[in-house]
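**Q** As given, the protein sequences belong to chains A and B, one line each in that order.
FYI, the numbering for the first sequence is 0 to 342, going by numbering that gives the first Met the number 0.
FYI, the numbering for the second sequence is 0 to 345, going by numbering that gives the first Met the number 0.
Please keep in mind that the hints were generated in silico from the structure rather than gathered at the bench.
Hints may contain errors.
[Said to hold, decoys possible] FRET-style restraints, in silico, Cβ to Cβ:
no. : chain 1 : residue 1 : chain 2 : residue 2 : range
1   : A       : Leu-103   : B       : Ala-26    : 51 to 59 Å
2   : B       : Ile-49    : A       : Arg-208   : 52 to 60 Å
3   : B       : Ala-221   : A       : Lys-330   : 23 to 31 Å
4   : B       : Phe-205   : A       : Thr-168   : 53 to 61 Å
5   : A       : Glu-139   : B       : Thr-100   : 36 to 44 Å
6   : B       : Asn-315   : A       : Ile-96    : 45 to 53 Å
7   : A       : Leu-287   : B       : Phe-227   : 30 to 38 Å
8   : A       : Leu-287   : B       : Ile-27    : 23 to 31 Å
9   : B       : Asn-164   : A       : Ser-14    : 30 to 38 Å
10  : B       : Trp-187   : A       : Val-25    : 21 to 29 Å
11  : B       : Ala-221   : A       : Lys-197   : 51 to 59 Å
12  : A       : Glu-139   : B       : Asn-164   : 28 to 36 Å
13  : A       : Glu-139   : B       : Glu-172   : 37 to 45 Å
14  : B       : Thr-100   : A       : Lys-141   : 18 to 26 Å
The C-beta atom is built at its ideal place from N, Cα and C for all residues, glycine as well.
Take a look at the letters that make up each chain.
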Amino acid sequence: MDNFLKKITKDVDLSFAILLSFCVYVFFAINIEVFFSHNISFAILERFAVLGLVGLALTICIIAGEIDLSIGSNAALCAVIVVKLTDPLGAPLAMIIGLSVSTLIGATQGFVIAFIRIRAIVITVGTLMLLRGVALLIAEEKTVMLTDFRVPDFITTKVLMYFSPASLTVIFIFICVGIFMRYTKYGREIYAIGGARKEALTAGIPLRRPMIIAFALSGFCAGFAGTVIGLKSGTAQGLGLQYLLLAGTVAAFVGGVSILGGKGGVLGAAIGALTVNFLNTGLVFYALQVHFVQLFTSVLLVIVIVFQTMSRVFDSRQARKSLLATIDERKTSLLEKKRSALG
Amino acid sequence: MSAIIENNQLPFSAKFLQFYKDRTLLAILLSLFAVMFIYGIFFTENYLTITNFKAIIRDAALYGIMAIGLTFVTLSGNFFLLSLKETASICGVTFAMGMATGFGSPDLAGNFLVSLLAALAVGVVSGVIQGYFVGMGGNPIVVTLGGAGILYGIGAWWSDNLVINFTRPHDAEWLGTGSFLGLPSITWSFILIAIAAEIVLRHTNFGRKVYLVGANKAAGKATGHENFSMAIIVFTICSVCCAFVAVAFVAQMDSAQSNYFSAEFGSSGDMTILVIATVMVGGNSIMGGYGSTLRTSLGAIFIAMVDNMMVLQGFNSGPRIVGVGLMIVFSIIVFGLFAKGSRAQE
Chain A
0 MDNFLKKITK
10 DVDLSFAILL
20 SFCVYVFFAI
30 NIEVFFSHNI
40 SFAILERFAV
50 LGLVGLALTI
60 CIIAGEIDLS
70 IGSNAALCAV
80 IVVKLTDPLG
90 APLAMIIGLS
100 VSTLIGATQG
110 FVIAFIRIRA
120 IVITVGTLML
130 LRGVALLIAE
140 EKTVMLTDFR
150 VPDFITTKVL
160 MYFSPASLTV
170 IFIFICVGIF
180 MRYTKYGREI
190 YAIGGARKEA
200 LTAGIPLRRP
210 MIIAFALSGF
220 CAGFAGTVIG
230 LKSGTAQGLG
240 LQYLLLAGTV
250 AAFVGGVSIL
260 GGKGGVLGAA
270 IGALTVNFLN
280 TGLVFYALQV
290 HFVQLFTSVL
300 LVIVIVFQTM
310 SRVFDSRQAR
320 KSLLATIDER
330 KTSLLEKKRS
340 ALG
Chain B
0 MSAIIENNQL
10 PFSAKFLQFY
20 KDRTLLAILL
30 SLFAVMFIYG
40 IFFTENYLTI
50 TNFKAIIRDA
60 ALYGIMAIGL
70 TFVTLSGNFF
80 LLSLKETASI
90 CGVTFAMGMA
100 TGFGSPDLAG
110 NFLVSLLAAL
120 AVGVVSGVIQ
130 GYFVGMGGNP
140 IVVTLGGAGI
150 LYGIGAWWSD
160 NLVINFTRPH
170 DAEWLGTGSF
180 LGLPSITWSF
190 ILIAIAAEIV
200 LRHTNFGRKV
210 YLVGANKAAG
220 KATGHENFSM
230 AIIVFTICSV
240 CCAFVAVAFV
250 AQMDSAQSNY
260 FSAEFGSSGD
270 MTILVIATVM
280 VGGNSIMGGY
290 GSTLRTSLGA
300 IFIAMVDNMM
310 VLQGFNSGPR
320 IVGVGLMIVF
330 SIIVFGLFAK
340 GSRAQE
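Chain B with its partners taken away, still in its complex shape (with noise of 0.2 Å):
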């Protein structure tokens, strides 16, 4: 949206130039994409099977469906939310205690819907909140800083801090392990929620909404596109895409805990700061306006695949760390040098 703006005001040289800056980034990701992909094939075993490629999409599907969520958020010119994790936690708390004893009323004990209802619910009220502080002015990382807080201490509260067990068989299971066509659900579910954000952000009006809030704050006040409501509806987009990830998160544990998601979650420490990640390394613009789901997806894919390969290489979490850092300065370097000058600065 905003190159289209740019664009009718540049002459024709600075036109192409612009429509080349646009297309090296998605150039340097898919060559970065290639290099990983050949030195997996010559220097690393059992990288080129379809087990592996699985589990790669598996991996990127959880923190990808919180990434597109982000996206979102990102898009509008909100940054991002530093609660994500809390978020997660919290949802998967509620969806487990529903599974384990249906919120006091045995009758409920182990009712899907009502429990995924529920852990939803719980996600659109944390996100309508947090949009609500946001939209009124807040700036989002110190409001979700303080939401992030409150989410893991209420979570931590109503758990007890312990882990809630719900045992098989259960209603949930296949979301949580189960497959359909050789894949398993949650890359099912990554598939379509990418594709459906993509066409929402595409072809909506809300969709070109998103992008015209983040694009120019002003221009959308100033059209009757004010951030109060979008803040609102993309934090809630975002809360929800967490609850999601972590019903099915739960469901495939089978239990649940308040910090389910902290640190050591899967490669890289924190959930929050890699689906972060996940969002930065696709080449979205942090400042709003510019990137789509399509790269948050691919980013995703992206770490998976670095992580994996290190993962076979035999390589700590310290390395690996270490390399899903350099990851993300790099991308945010290369971004800030091509874009400096337009947009990088407010």
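Extracted from the complex, chain A is given alone in its bound form (with noise of 0.2 Å):
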């Protein structure tokens, strides 16, 4: 019992992201009869798909101790280079430039950020921009639309009763990337220049490498969320896929990354964007409007913002109340000391 105590109070915010992922679930299944169902269970995770991923993309970041912006943008870009090219080129050649395309400029972000070291947010918003308008310009301002719609088919054909290639595709990248943040050496400097920036420059981790790698994976994982998009619906616009950016954070924030980086991991995020396809998926059949799914949304993320800064103060308070307790403590053993060789 104390060893689970234990395990809780040590990731608070990991826990509560469990608990309210469970609360939103069994929520929809008391009151959704077909809720828990094989079906239901693939549209989640078909959904996963492109929410994890754009979860993970933003996770990334914010344990870099920065935040990307320009996601929606730039899956906006990948989606519509993905279904230009697709008539063309044939689908995977066209996968495979419109993810270097976003990698590339995911990488570019991060050398600008780490080499005139500015903050992310304010670079991010320009090429939110930048990127739309780049997007735009590509898709001449129609809607990109395939010819032939039965070549994506592949990518939704059902596997194993609840999967599909594309979400195992996206099950198989969260387990590299939680691989590759936790164990290996270029993982653990994202951490650290998120965690503690100034101690971590300090010691001799570069800020430029972990820096391009994190604004690349994030890039890299904005582009798959804009190709599935892009592929299942066969369409792309050049202004679409800003609810990302939404929808990433509050699966972020959700699976308890901290805004002041160093903390979250991979598990998070999965866990976030469960949680966020569920409440998505659950208010799809009580058939609202899509401002009310938007509103839902964010009102879970005030929630975690609460709990999180409730959390926050209320360890700093503790903190305080132990310092004051020992300052006390010493005090009066100074004073009994002195009392007893004054005699």
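Put the two chains together into one complex, using the hints given.
**A** Here it is, written out as structure tokens:
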């Protein structure tokens, strides 16, 4: 029991994430009869393929202590490129080109951030607009469409009852990124520059390498999400996919990353994305308009922020209390010593 | 403020360099202005007409007013709000509701003052709530991202996602389409708000506090100016500016909808990003403590000028968005390079 309590208190945010996702799932499972069925599970995993990736992209950036606002535009650009090139070049080559463009954009952003040493929110607001414009230019301000809608069928076929090639690939990416972040030097560097940047730099960790890796990974994930969306629907728009930023941020924060950086992980991102997916999928059954979905997702975000802020305030108060207590103890012991010395 | 504090500790040569750096950004902006202007005179038809300049300033006024509000937030070190357009849209819906139905009581329908006060009140409430969360220690980006979804959801819910119309003649025409001494009312409001904001920032106790808290949060806290009350005040100022723009815009259009300020607003896709771009192109430091509303106003006019020229040259929305995006990235990189080593990073 003690061990269990220790585990919970060690990572409060992750425990809260698991609790929250459990609550959301149970709520819908009780209220909607079919929620606990194979088809719904398949649908949730299909959505997870997109949202999980965006959540993962933001999680990596936030772990590095920065936030990438341009993932929506990056995903839209990649979707436009992939959909546009699928007709002349075939899907695999188009995907490779689109993903490499997205990854390159991410890496460039990381380089600029590390080279000029500015905050990522500043530069990514600019690239948000720039990439959106580029996507519009490439799409020639129209909706790009596939001519043959059977081409991308291969990513939506059911495998093993619950999975599709898309969701299997995404789960594979999750595992790889998880291992990379946790067990390799490069992954640990990302944690280091996020958690304590000054100390990490003083200790000799370069700023450029982890920053470039983090943003390249985030660009790759955003691009992959855009690819999946674009191929699945067969269409892409330059101005689309901006909702991914909100959904991804909610997923990352529900998953227990701290905005201060250096905290959180891939497991959390997966749980956060699943929570948002439960919510979105559940709300579908109530036939609500799209702004309600946005409203409830934002409410989820606010709940998590309030919880995180409260726990931080609580922690600092506890620390202060214990500090004051130790000071008091020392004072009393000193006084006693003096008294005994005076006789 | 920060420059003054730093200057006192530096030797003379460094002082001179600092002074030069401060002015270089303004010089770059002004020379870009000049280049654009000369290019416009020679290569664009109908550019050098008074009507066109009125149009430029009128365009600049809409997002300029919001950007001036946002400058307070940025100067105080709270980055920016991602809920600008949502705040504006919910305030616009409120105003249109008041003008069309009087919030349920037919006596008040079409009453300009009541509708205006209601819209401003909505702005104040949303600003105070978001500022409260930020002041408690939440990250401004995340808090306002959540706030954006909630505000948009409530606005769309309230208006059933429909367009709310009210018919002319109404009491708000003078604000929407009226003009005074040849300039539209919205342009006059922009000029007056810009002057007022500059005076408040330069010559009042509150304005200096904004700079202090933005330049150095720890010093601000040590001297008794906590970010908590500051965040609430600056967020309220920003939201009220959004509410005012929304009222003027709705008064002009005689209608409101919850996504009036969303995608494809004006030229550059997204009102929120356009306003943030205005603040950045003006050369204000996003980290806070450095900049002024004068810069923001210049940035607004600059963006409007570039956009106007591209429209006259017959560009579509794609290249125009790329143009504004390039301007933001360029100004960020130039600013970052000049400020490198001083306060670019916390």
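**Q** Could you work out which of the previously given hints the structure breaks and list their numbers from low to high?
**A** Hint check: 1, 6, 8, 9, 10, 11 and 14 fail, others pass.
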